[in-house]
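J.: In case you want the letters, here they are:
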Amino acid sequence: MKKKIQITLNGKKTDLEVPSHRLLLDLLRDEIGLTGTKEGCGTGDCGACTVLLNGKAVNSCLIFSGELDGADIVTIEGLKIGPELHPVQRAFVQEGGVQCGYCTSGMLMMSKALLDENPDPSEEDIRFAISGNLCRCTGYAKIVKAVQDASRELRARRT
Amino acid sequence: MEDLTVVGKPVTRIDADEKVTGEAVYGYDLVLPNMVYGKVLFSPKAHAKIKRIDTEKASRYPGVVAVVTGKDAPWIHGESIRDKPFLAQDKVRYIGEPVAAVAAVDEDTAEAAVRLIEVDYEDLPAYTSAEEAARPDAVAIHENFAKYRKMDFIVPGAGPNVCEHFKLRTGDVDQGFRDADIVLEERYTVPIIQHAAMEPHSAHAQVDPVSGRVTIWVANDAPFRALHEISEALNMPKERIRFINPLQGGGFGSKGGLKVEPIAVALAYHTNGRPVRVKFNREESFISTLTRHGAIVHVKSGVKINGSITARAMTIYWNGGAYAEKSPTVCIRGSVPAPGPYRIPNVKVDGYAVYTNLPVAGSFRGYGIPQGAWAVEQHTDELARRLGMDPLAFRLQNVFVDGDVAYWGEELHSVGLKETLEKAAAAIEWGKKVDALPGSRVKGLKIGKGLACIQKPTRSPTTSSAGVIVNARGEASVLAGTVEIGQGCNTILSQIAAEELKLPMDKVRTAPLDTDVIPYDASTTSSRSTYHMGNAVKGAAIDAREKIAELAAPMLEGKKEDLAFADGKIFLKRHPEMALAIGDVIRRKLGPEGTVRGDASYTYQIAKDLDLETGHSDHASAFYMYATQAAIVAVDEETGRARLLRMSAAHDVGKAINPLNCAAQIEGGLAMGIGSALHEHLVIDDNGKVRNPSFLDYHLVTALDLPEMIPIIVECAEPEGPYGAKGLGEPGLAPTPAAIGNAVADAIGTRVYDLPLSPERIFWVMQQKKKDKAA
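Protein chains in written order, with our numbering: chain S, 15 to 173; chain L, 617 to 1391.
Note that these hints are calculated values from the structure, not bench results.
Take these hints with a grain of salt, some might be off.
[As the list claims (entries may be wrong)] List of simulated lysine-lysine pairs, DSSO-like, C-alpha gap at most 30 Å:
#: 1; chain 1: L; residue 1: K1386; chain 2: L; residue 2: K916
#: 2; chain 1: L; residue 1: K1385; chain 2: S; residue 2: K159
#: 3; chain 1: S; residue 1: K17; chain 2: S; residue 2: K70
#: 4; chain 1: S; residue 1: K16; chain 2: L; residue 2: K1062
#: 5; chain 1: L; residue 1: K625; chain 2: S; residue 2: K94
#: 6; chain 1: S; residue 1: K159; chain 2: L; residue 2: K1123
#: 7; chain 1: S; residue 1: K94; chain 2: L; residue 2: K1123
#: 8; chain 1: L; residue 1: K1062; chain 2: L; residue 2: K625
The shape of chain S in the complex, shown without the other chains:
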């Protein structure tokens, strides 16, 4: 059954007609063409498909499109601030937090959600926040360091 919904996607009002059961992940990737959000498992176990839904990090493979009318969604494609990389993106580049890059989108969206909620997280807070985001390449050390750097940068910007 198709349903008409309006969402705010990366800051832009978007009208869609989608099958209610279509997963948000598939909606983004297959129908809208935003492939920055990755599919690692499709069962909510790996976090590669993490996006922000009304400001909270969610696995987009577990969300039905039919529930999304009025929702505000931010994907990796909406993380940049204007033409500039978001500080968390920049920190991932600088610290070497990226290898194959397949978990990176989800990892960044989860980190952004964490830093929005807790601007000064401890190392343990960061590790806990990203513990549902699997990475097979990095061993997480440089990712944790990148989130720490980004948190410092964001706090410095605020003051």
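Chain S is already provided as a structure; the job is to place chain L on it using the hints.
T.: Frame of chain S, contents of chain L only:
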């Protein structure tokens, strides 16, 4: 040697920006015009005859474009042994084997149609244990094995399922055991695990309706080898096949060879020229792509009271699964150095790669070294314990040093092993008493330390070719067949080109990989790229530089040999102030769209091939990588849970082209090694069915599971390597489980012989020890 400007510097990755913005397009993301969607029917039987396949209903289902079975794709492929059909023919040999496939206008339709295919099977006896399948009286899993085409170094074993029996024979082990003061015999096991790259497997294929040319888009780590394998299977000239590599979301060995490609090709022959996309979901990637060999390792050693090793004999069973894939070479290259990096005069190894009715095993980061190290490095600690020696001192007394002739007959050079041992041990304060460690006073926690070391060869001999194109804007493009699988090769190779052309890093990029235009590379495997492709790119950049110098000499009114390069400019050494930008040199001579191209090829030559009777070779590997890792572990006496407190990892990389990237590789390898030590285990029941094909049940390490990790770079230069570099990709996980196993044994006072070191397993080993004590 002149000062290096880019090589040796912690340059950030050149592909990071496109990855942090989501712009990077991976194989799984790729959409082709007018494509159709493939879905696969997998075998539910471990070993069975196919009595009947009925595709009638599926073919009639609205939206279906093609349905194929083994009859429609009568092709057999295989890297070492040609044994694997594109789709099952007449029988199935494991649960998860592709039996039939559907292409349809969308994925839902394809999935619905697959369910309409009917297959009748007649069960056959199935093997899950390599030791049982290896018996001479076992039932053959491949009835026509004798007729299969095989690589010429393959020596089948006595039983019908032993696809390779590797023998290493040095000295006289029986005499060595007689000469020993202590003889110790043990058995260790390693379970089947999986690569679990974050990007699942997929492939796209198209058969051009006019030319018949086959194009395959796939994130394959060895596109030239895959092209060769397809060409042999289809009996089609190589120039009629093209591989295009989209970005790869990790592989770790699972994305070489042919996985989804044969299914996509089989379908593409029946879609009237429309491209086909076949994506495996996570479960399908778990059951139907590749695993790491489970291994049973018997090891027996003799030592003298003075700490010297007199003999070592090993028997290793490699559980290869249903098709040979890379089993013969994993068996050979994993068995040769399995006795460890030690001076041992008498050595005997028998390695058996065995067919079973399990998912196919093949290359996995480390290529057989982790399995041997799990056994031998713990065995080494047990020998030290019996000798009353410190495990570090025992190793330092016996490890290879420069000039030693290894037990496979090769004289070794550039051996940085001792330095890795010393540095890894120092980083966990090896000499310091365990009581003084944090956590050690907590009641019920037992603290232990352990270390393990390895030596890893690389695939040899192999070739890498490269091109470097410099344009009139002073930008260079590197044409290399090395696949960016996350390891950072595009950055490393760009650094090398930038160094030789004296260009800034932001003027150098790597070209996308397309076998129609990119020069040959053997494979992105075996930690071979920095050394082999690094040498090729270096040569190609030098070739381009020489050509630019030839153009510039008359412009600068000097001789070519008096010219120098710096900061993107060329000048006469005596007049550095009169410099020309290299882009300007090209523009003046060749016009604004002119280019200069340099090319080079690098092949490591071996003097003598592996001797099939003795396993000896005087140059078995282009170079060797050495590593030591050390662990501090706390074991909970009540639950058996082993928690890592700290791990160090010292790796001899020859020369770190990029220290930031080296640290990243070491940390990532270490994390994977820790996962394989503590959690990972593909649970397979007696019927051959994988019981945990999901990330919910197959536990990859998370950010919460890891201790403080200390990566240490050791640089013992390899003279043939670019700037002295060796390799690094694989060793990161090879000694890890044994280092942790040794720490656990140190903590609980008894040894665990099987992986993973789960709380349950450690708990029962501790219980057994208590019982033994009481009795």
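J.: Find the hints from earlier in the document that the structure breaks and name them by number, from lowest to highest.
T.: 2, 4 and 8
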